[in-house]
Amino acid sequence: MNDLLEAKNITKVFSLGGLVRKKYVTAVENFSFGITEDTQMVTTLAGESGSGKTTITNMLLGFLKPTKGEILYRGQNIWKMKRRDWRNYRRDVQAVFQDPYETLNPVHKIDYVLMEPIKKFKLADSKADATKMMSEVLYSVGLSSEEVLDKYPHQLSGGQRQRAMLARVFLIRPRILLADEPVSMIDVSLRADILEIIQKLQKENDMSCLYITHDLSNAYCISDEIIILYLGSVMEQGDFETIVKDPMHPYVKTLISSISIPNPRARWKGKVRLQDIEIARLETITGCKFCNRCSESIPICKQKEPPLTEVGKNRRVACHLYL
Amino acid sequence: MKLVTQDLGNAEVGSDVLLEVKNLKVYYRTSTTPVRAVDDVSFELKQKEVLGLAGESGCGKSTLAMGLLKLVEAPAYIAGGKVIFRGKDLMSMSDEQLRKIRWRHIAFSPQSSMNALNPVTRIYDQFTDAMSAHRYKVPERKPRKYVSGLLKAIALSPRIHREYASELSGGMRQRVIISMGMSLNPELIIADEPTSSLDVVVQRGVLELLTGLRDERRTSILLVSHDIATLFEVVDRLAIIYAGKLMEIQSVFDIYDEPLHPYTKGLIDSVPSLEKKEIPRSIPGLPPDLKNPPTGCRFHPRCAKAMEICRQKEPESKDLGHEKCVACHLYS
Amino acid sequence: MKTYSRIFVSIRKLGAIRSNRKFLIGLCIIVGIFVISGIGSAISPYHPRRIGDVAPNLPPSSEHILGTDPMGRDILTQLFAGTLLSMQIGFTAGIIAFAVALLLAMLGAYYGGYGDSIINVFTEVFITIPSLAILILIAAVVGRVDVPLMSVILAAFGWSFACKVFRAQVLSLKERGFVRLAKLSGASGIEIIAKELVPNMLTFLGTWFAFIVSGAMMAEAGLELIGLGPQNTVSLGIILNWSMHFNAFTRGLINWWLPPCIVLITLFVSLFVISMGLDEIGNPRLRKR
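Residue numbers (numbering that gives the first Met the number 0), protein chains in the order written: chain A, 0 to 322; chain B, 0 to 331; chain C, 0 to 288.
By construction, these hints were calculated from the structure, which means they are not laboratory data.
Worth double-checking, as some hints may not be accurate.
Listed below are the simulated SDA-like cross-link pairs for lysine to any residue, each with C-alpha atoms no more than 20 angstroms apart in a straight line [said to hold, decoys possible]: (1) B:275 x A:214; (2) B:304 x B:277; (3) A:64 x C:278; (4) A:64 x C:174; (5) A:150 x B:320; (6) B:275 x A:241; (7) B:99 x B:55; (8) A:270 x B:149; (9) A:118 x C:191; (10) C:182 x A:84; (11) A:252 x B:132; (12) A:81 x C:190; (13) A:268 x A:285; (14) A:67 x A:6; (15) A:64 x C:205; (16) C:163 x C:174; (17) C:163 x C:136; (18) A:199 x B:144; (19) A:119 x C:187; (20) A:244 x A:119; (21) A:268 x B:272; (22) B:151 x B:132; (23) A:108 x C:199; (24) A:7 x A:105; (25) A:108 x C:200; (26) C:173 x A:105; (27) A:81 x A:108; (28) B:276 x A:6; (29) A:244 x B:276; (30) B:21 x B:264; (31) A:268 x B:278; (32) A:202 x B:278; (33) A:119 x A:85.
Far from chain B, by Cβ distances over 10 angstroms, these chain A residues were calculated [to be verified]: (34) 7; (35) 20; (36) 21; (37) 130; (38) 186; (39) 194; (40) 198.
Note that this is a predicted model, so its numbers are computed, not measured.
Ideal Cβ positions, reconstructed from N, Cα and C, are used throughout, including at glycine.
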């Protein structure tokens, strides 16, 4: 089993404050995840604010160095790679981000944005070839060359910009796509189109996708599996549909039941208990990170952190109730 | 007060009309033609009701929410219409009279709670400032106890009293804003995207809190949001806004079973759900430019059921009885 | 290079530079002064420095439009030559300071780490050194200062504050989303600095260039005024120095001391106006509608 991209027990600790009183925040703790050469599916990396999902994304993309652990591309640590291997890694691992406006340089037109990867990754042999390629990928995402190539980012709509970003991914044809909240800044009635493009991208190019979000309803449409993070650790992971229908971890249970369903006959039952969640992060907690909010906790939860354990076929939970 | 016969099967909703909006227009001045952000919108809000105002970004719903209390700032201006509350038209009131109504009778929770809280005043003082400005008689004349109670209701510890707004997280600030809105026990709370930046579980808690107010204190809530799924979870009636116009308003059950307006149907169909593992369908086309909206019905360029008349004439809002109102030529 | 021309073309297409009045007016004035001084210097029959070139202390007349100074030199010719030299020193010093500031800021802020810390400390130290005092000291010690050395000395104290400002700008820009996208497209550090960051900083840099140049000219005039700096040349500061030496002010010889002042003030004001114009171009919110 060749791992194309692997996060091996990565931990990231940030330090806040100045010289005298430094506070340490563990954003991600001991996270492991791998995508093999032959898996071609969409995995959702889900988590709310403070879960560490953005930090993990930045580490997988090589923008942030883990405090502990390694990020491996084809078995090699990306921070110790040679230039040529790093190029290959860059070509194989791409991303689309939440805010297409932020991600585009206001002084460059869209044709520059598409030409750059063509030049750097040598995707075309000639200018004519490149123009043809750009035209084709723009068509795949529902745009036309005349519509966008000669324009600046501020002249396009949010939906057009995001599609242009996806066209860029179509161009590069990476093996792995990290999609970080790709639809959260798009109008509600236009999100489905973007999701369709991502699914098309994934199926046509035998690509694996990591969909990073806090909005499970959108991710559910196109994902096969899900990993749920809480304060830097995985709480539960496995087949998405199974987990939605029958969640095991208390946090996941609360989360799934609190998601809005657009059906007035399927409303929330009972009430939730609001807590000061924010304080929990800065306290050094021994034991399970969720225990101070958990309604099903048992004494051992406060003392020892439950390890992520396999509880069935393609199902893992980190909870003492299931050990 | 006008009594509206109701036939909903939802025993919770009251029958007295609390707020009546008539032909409200809010425009934005530009160097050329004004932008018609809210164009001739009429609806009623009843006592003890949670009314949802749904629409996508740029449709005018936030402008409408602020317009109800004349909170719009230049270049926006009220171009016409009436907003009748307790028999008086808010649009024709002086600033001084409106100030007495705001907060005390109608509270407004703006979209970005970050900006609504004073950064240099402690939380406790902000509560007492609002209360003393309206000469609110605190129960038992114990303001500290009262504020603690309010904070506990949104599950924030009374320790928050002494903190400044910048020391709280986004979710906590949002809750404080809502709590302040509740503090003077208003008849109506207008909440503009109260949960947009909150985590899923906190969002549920805040919305349950608001609907709890409706149950316990008979407060009406006007909930403005682009999150259709969340609106379906909590509202009694749902109004759909598109390009500054009210397209449809019905009880939430009726609108789910039988959406009348094609835009409503398209909007509901475009929302993903954990009940179905499939990609929903987008509405083709793009939202219109409000400086230069399409002729006739503003939705017709994107409407699968558009007819010739839709391009020529703007449909009028038609009351179909049973609390159903729709602006569409399919029903004229 | 092609990228740069494309960038300039694209910015000009926005029309902002063309239509921005402040920028154009300022630019015209500066170029105008330079051209007039150049032509004037070339066609003048008199020598700006040679003592006894013409009769001394003559009042303004049709032959000597600004009269002559006590050492027998035509004042208008001096003015032309002096303006040229002051502008030359100012711009040279400005360019050197600007280039050094930009280079250090880019490398330090973008790459970070120990190199950045070192550069940062170095910059801060230079900022806090009382530059004028040191400049006077150096000029006094070295004695005969020639024009190139003058430019270098001025540059040495003009770069530090600009470097700090540039660094702050680069630090904030490098966190922007498009830098991440460029990295994902395989761009190297230098490419990102050149193709992504600099184009976003052009108007900002332009504004600062104007500041640095006026600062250098001011410092030069100041040093010359008190008698330090190149003595065997004619610059605006030196003219003022001589006029002070001969009590021109108390003797009411406004034809001598006033013109250099006016030229200096005009140069500063036009540079300032240029920088305001560039500010408007770069910050669309300031543009008048």
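Verification of the hints:
1. B:275 x A:214: With a Cα-Cα distance of about 15 angstroms, the restraint between residue 275 (chain B) and residue 214 (chain A) holds, given a limit of 20 angstroms.
2. B:304 x B:277: 24 angstroms, violated
3. A:64 x C:278: 38 angstroms, violated
4. A:64 x C:174: Roughly 16 angstroms separates the two Cα atoms, so the pair holds.
5. A:150 x B:320: 50 angstroms, violated
6. B:275 x A:241: 13 angstroms, holds
7. B:99 x B:55: This hinted pair is violated, its Cα atoms lying about 32 angstroms apart.
8. A:270 x B:149: Judged against 20 angstroms, a Cα distance of about 18 angstroms means the pair holds.
9. A:118 x C:191: Since the Cα atoms of residue 118 (chain A) and residue 191 (chain C) sit roughly 15 angstroms apart, the hinted pair holds (cutoff 20 angstroms).
10. C:182 x A:84: 15 angstroms, holds
11. A:252 x B:132: Roughly 44 angstroms between the alpha carbons, so the hint for residue 252 (chain A) and residue 132 (chain B) is violated.
12. A:81 x C:190: 19 angstroms, holds
13. A:268 x A:285: 32 angstroms, violated
14. A:67 x A:6: 11 angstroms, holds
15. A:64 x C:205: 36 angstroms, violated
16. C:163 x C:174: 18 angstroms, holds
17. C:163 x C:136: 25 angstroms, violated
18. A:199 x B:144: The given pair, whose Cα atoms are some 58 angstroms apart, is violated under the 20 angstroms limit.
19. A:119 x C:187: This hinted pair holds, its Cα atoms lying about 10 angstroms apart.
20. A:244 x A:119: 45 angstroms, violated
21. A:268 x B:272: 17 angstroms, holds
22. B:151 x B:132: It is violated: about 23 angstroms lies between the C-alpha atoms, which goes past 20 angstroms.
23. A:108 x C:199: 13 angstroms, holds
24. A:7 x A:105: 37 angstroms, violated
25. A:108 x C:200: 17 angstroms, holds
26. C:173 x A:105: 14 angstroms, holds
27. A:81 x A:108: With a Cα-Cα distance of about 32 angstroms, the restraint between residue 81 (chain A) and residue 108 (chain A) is violated, given a limit of 20 angstroms.
28. B:276 x A:6: This hinted pair is violated, its Cα atoms lying about 29 angstroms apart.
29. A:244 x B:276: Holds, at about 12 angstroms.
30. B:21 x B:264: 26 angstroms, violated
31. A:268 x B:278: Distance of about 26 angstroms is beyond 20 angstroms: violated.
32. A:202 x B:278: Holds, at roughly 14 angstroms.
33. A:119 x A:85: Distance of about 13 angstroms is within 20 angstroms: holds.
34. 7: Residue 7 (chain A) is indeed farther than 10 angstroms from all Cβ atoms of chain B, at 29 angstroms.
35. 20: At roughly 16 angstroms from the nearest Cβ of chain B, residue 20 (chain A) sits farther out than 10 angstroms, so the non-interface label holds.
36. 21: 19 angstroms, holds
37. 130: 27 angstroms, holds
38. 186: The claim is violated: residue 186 (chain A) sits with its nearest Cβ about 5 angstroms from chain B, within 10 angstroms.
39. 194: Residue 194 (chain A) is in fact no farther than 10 angstroms from some Cβ atom of chain B, at 5 angstroms.
40. 198: Non-interface label on residue 198 (chain A) violated, nearest chain B Cβ at 7 angstroms vs cutoff 10 angstroms.
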